[in-house]
Each structure stands twice: as structure tokens, then as C-alpha cells.
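Participant: Sequence:
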Amino acid sequence: MIIVHVVEPFAAGVSVFVRSLTESMPDELHIVVHGERKNEISAEAVKKSFPKKNVRFIRWRSAQRSINPLKDFMALSELYKILRRLRLKNLVDAVHLHSSKSGLLGRIACRMAGIEKFIYTPNGAPFLSGGSSITNFFYQQIEKFGHRIGGEVVCCSASEQKVYGKLGVKSVYVNNGISLNSFTTTSFKKTQETFTVITTGRIENQKNPALFNEIASYFEEFKQFRFIWAGEGQERSCLKSSNIEITGWVSSEEIKRLVTQADVYLSTSVFEGLSFGVLEALAMHKPVLLSECVGNKDVVKKGLNGDIFTNKTEAIVKILSYFNNRDMVDVMGQHSQAICRSEFDMLQNFLGYKRIYQTKKSASDLDSLQTAV
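Numbers in our numbering are just positions in the sequence shown, counted from 1, shifted up by 476.
No lab work stands behind these hints: they were computed from the structure. The structure displayed is predicted, hence computed values, not measured ones. Honestly, I wouldn't trust all of these hints.
[What the hints assert, rightly or not] Cut-off 20 angstroms, straight-line C-alpha distance, at most; resulting in silico cross-link-like pairs (EDC-like, lysine to aspartate or glutamate):
{"#": "1", "residue 1": "Lys830", "residue 2": "Glu592"}
{"#": "2", "residue 1": "Lys528", "residue 2": "Asp503"}
{"#": "3", "residue 1": "Lys638", "residue 2": "Glu768"}
{"#": "4", "residue 1": "Lys788", "residue 2": "Glu696"}
{"#": "5", "residue 1": "Lys547", "residue 2": "Glu512"}
{"#": "6", "residue 1": "Lys777", "residue 2": "Asp821"}
{"#": "7", "residue 1": "Lys646", "residue 2": "Glu592"}
{"#": "8", "residue 1": "Lys699", "residue 2": "Glu721"}
Let the hints inform the model, and build the full structure from the sequences given.
Facilitator: Printed below as a string of C-alpha cells:
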């Protein structure tokens, strides 16, 4: 089977998601049609992390992040030509579209190219951005329009599927997962005395760095506390508190080292699909303190492996509670790892995508597929 992945944001969590799909299906050929976000990471650097045996790459040169009618038309035209060429060479069994820009342009291009089997994974519903109501309404209409074009919507968490259902978009979900084999149980010993709270990923509005800063600033005068944002982004200036360390972009191994040495993983996101950073924290035996939003709420078993908070005061109180109950933190970390193994194992969960790629059912018949997924 040959799966063509179309991905404009070839960086951060989306690239991890696509790579995970290729790793979980080593016997299938994956062709990745990708854009590039040079301000975050070069496409060449991202490609080095992918398996070499079963993955091929095609550059989607005109793809770009912002909405621009002329540039988006050029991107659509280029994508159509790529997909049509692959179809004529019998190099397409299914097309998987990743994130909103790829989802809209990709569905149109698949229709134009005569490709019947294509699915779309939002990896975070864009209409939950927390921006203006006008912007959110605009994204809602894009999602509805894209759904009318056709294809199947496959969300990456149950809560994401729920919000798409409220929008009138029929979908199924397959939980995101990570490869637990890359996390050894011998590497989780903390060596620092400082109580460390960490988050990972792009510093952007979706991750709400302003809230992260407000929480950290409460502890600014207490030297026992340290906050780390492992990542980089355009909203870096929001992180003003003197007790926040910003690492910039670092290797995945360095991320693992930093999370291993932390006590608690904190997410202040406005919305998620299902964060790989959070799942990796679970695998590394860390309690997770997560904002109440789509994606995050699928991970926490309240009081067992962490907690959900709705405002900065609740987050601060929880961090103080963790600080004063180190034994509880250790026990919650053990539950985190157990939950990750039972619910977020990549090799198990992503079999659902393989079944979806293979099925000939239309989006209207997806209900019967959900039990298999």
C-alpha cells in the first residue's frame, strides 16, 4: 500500500505525527509532500528523523502558513499537479492530509486529480484558537466547506471529535500515540533539588505563553522553583518572568533529558489535538498539569496522573501541593507511565489508521468503523 501524506506545517507536533505513522507501518511506502517553515526548522533537518527505508519526500514549494488567495491558488495548482502525477504512475492508494491548510487545499486537489481515498486529520481544530469570534467563525466555515468537498475526517482525540461533531462534521478518532520503546525505565532519575516545571513546543498563541508566564511569576521570589520552556517561537516576549528558562530549539534527546530532570509537566494551551509533548511526559513518569481544553482533557485521570486547571490560581495551588507532597508526585508519575502504555501506545493505536487507509467506505459509513479503530 502507498500512502501519500500532505503536510504544510512540516515542523513541531505535525511532523512528529507523520513520522510516527511511517514508523508504525514499516511495510507500507509513504510519500510525504511537504512545505517548510524555515523560521522553526529546515525541511532537511526534519527529514533526517524519518525512516529511510519506506519514506520518500516531495517538496511542496508554494505552500505557506498565512492565508493569501494568490499564493494559496499557486499552492493548490502545484499540489494538484503532484497528486495527479502520482495517480497516473499508480503511486497512490490513499492520501492523508495533515492540518487545516493542507486539509482544505488537499481535498480540492484530490477531487481535481480523481483520487477517491483521502482523509484529513486536523491535529488541533483551528476554530478553537481563542482569537476573535470573527476569526473562529471564519475557520468554522472553512472546515464545513472542506467537509462538503468529501473525504473522511479522523481526529486525534475523543474531545477533538466531539467539537467537530458539534460543528456538524462527521468524524471518527484515533488517539495519538508514541513509541514507548524509545523511553527506557532506567532514565527517569531526577538529580536536581530545584522543583522544576516544564513545557515543550512552539511559543505561540495556541500554547498561551502569557498564562505560563503569569503562573511562573507567582513563584519568582521562591528560589526553590524553576520553570522551563523547551522550544522557541514568535511569542517569546510573553515569557518575561526571571525564573523562566527558554532553551530555544534543541534536539529530541535534549528534550528528553530536560523533561526527565523536571518534576511536573505544565500545559497552558488554548487547544490541542493530542499533544505529543504531554504524551512523552507521561512516558517519562511525569505528572501532568494541563489547562482544560480539547486534547488535554483526554490525557488526565484527575488526581491519579495529574490535574486539569481552569485558571492561573488553580494551577498555582496545584504546583504548591505537588511541591509539598513529593511522594505523591512520584506515585502520580508511575500512573502516568501506566496510562501512556495502556492508552497511547503508537504501535497499537495507529493500526486504526491502517484500517482506515484500507477501507473503501465513505465518510457517511464511518460509524461502523469507529469500534474497529
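Participant: Hint by hint, say whether it matches the structure.
Facilitator: Comparing the hints with the structure gives:
1. Lys830 x Glu592: holds, 16 angstroms
2. Lys528 x Asp503: Given that 20 angstroms is the threshold and the Cα spacing comes to 12 angstroms, the pair holds.
3. Lys638 x Glu768: holds, 15 angstroms
4. Lys788 x Glu696: holds, 15 angstroms
5. Lys547 x Glu512: Satisfied, since the Cα-Cα distance of roughly 15 angstroms is no more than 20 angstroms.
6. Lys777 x Asp821: holds, 17 angstroms
7. Lys646 x Glu592: Cα-Cα ~18 angstroms, so holds.
8. Lys699 x Glu721: holds, 13 angstroms
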